[in-house]
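Knowing the structure of chain A, use the given hints to seat chain B on it.
The listed protein sequences derive, respectively, from chains A and B. Counted from 1, the first sequence has number 1301 at position 4 by my numbering; the numbering is strictly sequential. Counted from 1, the second sequence has number 855 at position 253 by my numbering; the numbering is strictly sequential.
Calculated from the structure, these hints are not laboratory results. One thing to keep in mind: the hints can contain errors.
[Said to hold, decoys possible] Computed list of lysine to aspartate or glutamate pairs in EDC-like fashion (alpha-carbon distance at most 16 Å, straight line): (1) B:Lys820 / B:Asp798; (2) A:Lys1392 / B:Asp677; (3) B:Lys736 / B:Asp712; (4) B:Lys722 / B:Glu685; (5) A:Lys1391 / B:Asp677; (6) B:Lys753 / B:Asp805.
[Stated by the list, open to error] To give a feel for the contact side, a few chain A residues facing chain B, derived at Cβ under 10 Å: (7) Met1362; (8) Pro1364; (9) Phe1382; (10) Gln1384; (11) Ile1389; (12) Lys1392; (13) Tyr1399.
Glycine included, each C-beta is placed from N, C-alpha and C at the ideal position.
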Amino acid sequence: MWEHVLTIFIASALINNFVFSRYLGLCIFFGVTKKMETSIGMSFTFTAVMLIGAALNWVIYEYVMIPFHLGFLKIVIFIGVVAAFVQAADTIMKKVTPALYYKLGIYLALIVTNCIILAVPLINAEEHYSLFESMALALGSGLGFSLALIIMASIREKLELADVPKSFQGLPISFVLTGLIALAFLGFSGMITL
Amino acid sequence: MYEQLSSLLIQILSRTVHIFANKLVPLVGVGGSVETLEKVPWESVLFGLVVLAALGVVFGVALAIVAARFIVKTDPKVDQVRETLPGANCGACGFAGCMGYAENVVGNPDVAVNLCAPGKAAVAEKIADITGKKAEKVDPKIARVFCQGGKSLSQRKFIYTGVQDCTAAVLAAGGDKSCEYGCLGYATCMRACPFDAITMSADDLPIISKEKCTACGKCVAACPKQVIELSVESKAVVISCHSRDKGIDVKKKCQVGCIACGICVRTCPVEAIKLDNNLARIDHSKCIVCGLCVKKCPTKAIYDYIPVRLKAQIDPARCAGIDVCAKVCPVNAISGGPNAVHVVDQSKCIGCGMCAARCPKKAIDMIAAVQQVTGKPGADKSTVSAGA
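Okay, chain A solo, but in the shape it has when bound (with noise of 0.2 Å):
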């Protein structure tokens, strides 16, 4: 079972990685990847709530969803548990720890209905994973989510010295730049086969 866990662990983080593998959540990696100092803070954040919500979600799908056939209604479900979660964290961020507050309070927004927030707990319903095969996923989702902010910032930051044509600059090379990484995480795929 623990083998179970650790391969989901490994898979979520390398070869499934959701910005890489799946193109999800690039709303917030161009974002925030400016800077390694905000992506750094973002990485945190955001395997927190992740861990967080995931839990929140098993719970309510495990012992409410299933015992009353609720299925068809997870997507409504997890995006309200997950909204709630982060609404309550951004209200006490702000009391208790203001500096975080003012650093990663805009992105706590973004992270309501990010999609990878979203997608953990479906892929937990749809594979009817255990609860530490979903902390797992969740986990390696959110590390592997944190890998590729913290490659792409540092690049990033590198690249403000780079001679970049100008049609090219900002955005456009960041998008390049991530097809060249997505292309390298190419190579990690097969390597595990869920």
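Frame of chain A; chain B shown alone:
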């Protein structure tokens, strides 16, 4: 067409009847085709409603409690300041966006109210009203061209016939101008200016309109020769040259370049000018804009942006004959010994204003010149076409 529509209507009707026949049992499925439709038991719908409602109530109450428990009181002044700011989030103030500046200017007593560059004096005044801080005068900036060597006054290395744009011209051996520091004159800055503040003179030099320029810095960034700089508008005397060539080379290339002779350095009454790497530079924090260096510069590389300088005139009724003005006058335009009424020689006076500043009796007024004799230094400046 009609038949298709009618058959579709009949289909819809029959399906509705079918649903009613099944006692209003809802159907769900993927794609809507009959095969995938499955029956959803009544309980599911009921449970769905109940569960969603319950979740909604739970989350609503939880959020309300959290919001009440973790309330953060914000200063209403911050919002007021935020509303007066232009909201461009340009970062010119040095803070992260307008909100960042609003918070700091309200919360921190050391943050000045005049940091918002796009807002200028009007916004600074409003912020001062809201925060109760003293409004210091904003020193507006303006873009200035540090080159006066238009095509008639400077030499060319070769004839450039490429794309009429400075960024393109610079690729061809650094541009066709002999002086590698000067303005190329292909109007890249004019096209970069979002406010139409730049026009090109007949001598192919940019003229920056004082009224239209907002000191946004777009032209500074666009110029491949870095010949445009943002400078404080009130410091109107500028050494309009960037050449770091030796004086003899400058003379070969351009008639109005700085040859680093050092006359301005010796002339300056407040020691604001320094020679650095074959180029004289004015320290604008010391400069009193007297205009003396403009008169003394042998190549006319120093430009006075004040169009008409005022002349000093002594009010005989208030003059106590203290003689400070005569001593301080850099051009010896004031005559009259101690305890006698002093007189300003209007033809010599250059309008630097130093006597007026020093007179303890405030007997000297700076007024517009009555009648100028033509051919004086003030007139021949117009022949030097500078980036006004």
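Would you list, in rising numerical order, the hints stated earlier that this structure does not obey? Hints that this structure does not satisfy do not exist here, as all of them hold.
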